[in-house]
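Peer 1: Could you put together the complete structure from these sequences and hints?
Number of protein chains: 2
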Amino acid sequence: MSKGNTKITLAEKDMPRQWYNIQADLSAPLRPPLHPVTGQPVKPDDLASIFPMNLVEQEMSTERWIDIPEEVLDKLLLWRPTPLHRARYLEKHLQTPAKIYYKNEGVSPAGSHKPNTAVAQAYYNKEFGIKRITTETGAGQWGSAIGLSCRLFGLECKVYMVRVSYDQKPYRRLMMQAWGAQCVPSPSPDTNFGRKMLEKYPDGSGSLGIAISEAVEDCLSSEETRYSLGSVLNHVLLHQTVIGLEAQKQMASIGEYPDIIAGCVGGGSNFAGLSFPFIRDKINGRDIEIYAVEPTACPTLTRGPYVYDFGDTASTTPLLPMFSLGHGFIPAPIHAGGLRYHGMAPLVSQVVIDGLVKPRSYNQLQAYEAGVTWARTEGYIPAPETNHAIALAIEEAEKAREEGKEKNILISWSGHGLLDLPGYDAFLQGKLTDYAMSDEEIALSLKSIEDLPKP
Amino acid sequence: MSKGNTKITLAEKDMPRQWYNIQADLSAPLRPPLHPVTGQPVKPDDLASIFPMNLVEQEMSTERWIDIPEEVLDKLLLWRPTPLHRARYLEKHLQTPAKIYYKNEGVSPAGSHKPNTAVAQAYYNKEFGIKRITTETGAGQWGSAIGLSCRLFGLECKVYMVRVSYDQKPYRRLMMQAWGAQCVPSPSPDTNFGRKMLEKYPDGSGSLGIAISEAVEDCLSSEETRYSLGSVLNHVLLHQTVIGLEAQKQMASIGEYPDIIAGCVGGGSNFAGLSFPFIRDKINGRDIEIYAVEPTACPTLTRGPYVYDFGDTASTTPLLPMFSLGHGFIPAPIHAGGLRYHGMAPLVSQVVIDGLVKPRSYNQLQAYEAGVTWARTEGYIPAPETNHAIALAIEEAEKAREEGKEKNILISWSGHGLLDLPGYDAFLQGKLTDYAMSDEEIALSLKSIEDLPKP
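Residue numbers (numbering that gives the first Met the number 0), protein chains in the order written: chain D, 0 to 454; chain A, 0 to 454.
The set of hints was computed from the structure by calculation and includes no laboratory data. It cannot be assumed that every hint is accurate.
[Said to hold, decoys possible] Taking lysine-lysine pairs in the DSSO-like style, the calculated list, with each CA pair at most 27 Å apart, reads: (1) K12/A <-> K406/D; (2) K168/A <-> K195/A; (3) K12/D <-> K248/A; (4) K12/D <-> K406/A; (5) K125/A <-> K6/D; (6) K42/D <-> K125/D; (7) K248/D <-> K248/A; (8) K6/D <-> K12/A; (9) K130/A <-> K91/D.
Predicted model only: the values in this text are computed from it and were never measured.
Peer 2: Following this line, the structure appears as structure tokens:
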């Protein structure tokens, strides 16, 4: 008790009132997305049938600070500001002089950082007169976040959930239904593409690519419906910057500043949310090491090239400038489902290109070992995705011990693992494999992007 | 945003340093527990083989304030102080002038209030030189809390989990295992009583009574092992009073005081945790309505007599002075597993006898309807047990609307329902029944206590 500062809260009145747009501080403008047919830079109108125009404008904005609408703030206050904890028991266990801080995004109603952008997207859709949102989800983190947010703003919501997850991981589907969202297994009989897939593969387990195609087709079938995406895009990352902006205030309130920052990356949104405000400090001269941590089973940043590639497996989205393993890449079935994405947010890709962020990777066994160590010292059971950031924190804390250096390590604790416990069970029973990719597998996967335009 | 005070935090330095012992403020001393064989009041030594003596002394203490040991405070700080939220969106939905506040115990690593006492019990056992704790668990809320707490204090832990829950509700078992506790289905081949039961009923689904007997037998087989209980006993309720002591400070920090307080009751510990510090105020003259809310499927306080009865189904514990439906009572299989207990904590029974607390009951359908309304307005999905307190809050808020009165309603939000989603699914699909008990069922159940001593 005498130690203090195990949990650093932030008063509601100190909640950030603006999002931070890193596009204002990049050394050069972000390369534009390209139209998938013409190969020309995408224009706002090209996106108007998919996204409401207010979000399209936000996607392209280079204003540094963007006001968070009052109605969005009000909803965020249901769980924000989130606590910043110090992981004292982990530090003690590691016998490290390093201080390990974590920003706990697991306290949201959906249990992850995803609602930060979901409530904002639901709001902008509603403002634009949209009545209904369609989306896809894999394991269900995103689907549950948008299901919750649509309910809070009175929108209808339809989630196409990859069938294998729909059947094997019922809990997040049940969350969506508790909030009143419609969740169907994809491929579904509700769309032309879904029916075609069902005819071709009656027992197919589905894929994120198929689910995206269904959600987009559904969206295009109605004037009052738009589509929503939970990561990768600029406006999604923008909405997540409340994480880092709060963390900056919380660190300042105890007179500390991080030496090392880390977050796991799948599409890149929770990592960007924590790190972008600190990257601004780094651009302005601060000395910080910032790490984007990915699984060796999907080593987009550590082993993929920077290219133009489709955002989806079905090759229907605009081409995005990003690190990619090729849109045909199907990652091994690691439990960290949120990190199984072939590409990377263009903004995260850019800060890696610019040398502001270094990528690192851990395999599934290393990640779970870190997660179990965390649960048994700090109590909270982390999401399998979050375990990758924890693995880095532990490695850096051990390094600090060896070097005898007092370092401040700050990680994004992107979500809890209460609905992912079977993965821990498999790990503890010795049933998991590491799934690190071979050079041959990567070379093969990259063939799918050989003929695409180069950045 | 301008509204403020949606979530009222409390700084670590303001965390209560003492537990509140309501035994100091009762109009008469609590009736003693009676030895199950002799019928004489239980002496501390009678309990020494089951509980460590420091907890036995705490059980019998009548000191008003009991210091929380620093090491317990340090562990509680992993998640405490918990936030007090105002349920603005529910208020708006109900169009009520009432303000609804809820104390969010769902933020603990195990997702409920149970770790408040689990960490204290693990600490006192460790202090007394105990190396290993045994316990039983039904759905797993208690087993996971004690599993976590044993790990935090370096104790071994073995949990006997009722087989039907072990098989049907794997997630809480997986939590225990993630924290390193041993969890076996009961009846198990690990005890004499378990083997006997397995021989007699090879396909038996187990019961809490059997699991208690196994945990106690295991405990008695080793000098370094003690048994731990998650509710009912005085020291358990004492440890939970941090909930109400924090809530008092949080309400005071915004210049408010509750007119109505409610919590759900099974054994009584979360209700006592929130209400006892306020009952002290009531004894000292404050005008508060305080409600203990139970399911109509297990209407201990609303329809049971105040008697001496066994705490367990197997008739092995001391006789406790309490409201009871008879130790032979097997409640209907409602999803609120934590409320399926035939008795009630002696201290909660006493404050009902003294007229300080009024019991109320809701059936399962009313409780789930309240829970869905909550999830769809406030976001967080409540535990099925918590839904009973929410049902009362909604009814009182509607009454306040009709009467045009501005009332402050404060409830114990005892846990989240993320691992209880199948119950919501069944409710939304119209598959649940209300399970209100008939007079005949109650009369039949009470036969099991006809011949026991009267208080």
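Peer 1: It remains to establish, for every hint, whether it holds in the given structure.
Peer 2: Do the hints match the structure? See the list:
At most 27 Å may separate the alpha-carbon atoms for a hinted pair to count; K12/A and K406/D meet this at roughly 25 Å. With a C-alpha separation of about 25 Å, the suggested pairing of K168/A with K195/A holds against the 27 Å cut-off. Under the criterion of a C-alpha separation no larger than 27 Å, the hint pairing K12/D with K248/A is consistent with the structure, at around 19 Å. The suggested pairing of K12/D with K406/A holds, with an alpha-carbon distance near 25 Å, which does not exceed 27 Å.
For the hint pairing K125/A with K6/D, the CA-to-CA distance comes to about 26 Å; that is within 27 Å, so the pair holds. For the proposed pair K42/D and K125/D, the alpha carbon gap of about 23 Å is at most 27 Å, so the pair holds. With a C-alpha separation of about 25 Å, the suggested pair K248/D and K248/A falls inside the 27 Å cut-off, and the hint holds. Of the supplied pair hints, the one linking K6/D and K12/A holds, its CA atoms being roughly 11 Å apart against a limit of 27 Å.
The hinted pair formed by K130/A and K91/D meets the criterion: a straight-line CA distance of about 21 Å does not exceed 27 Å.
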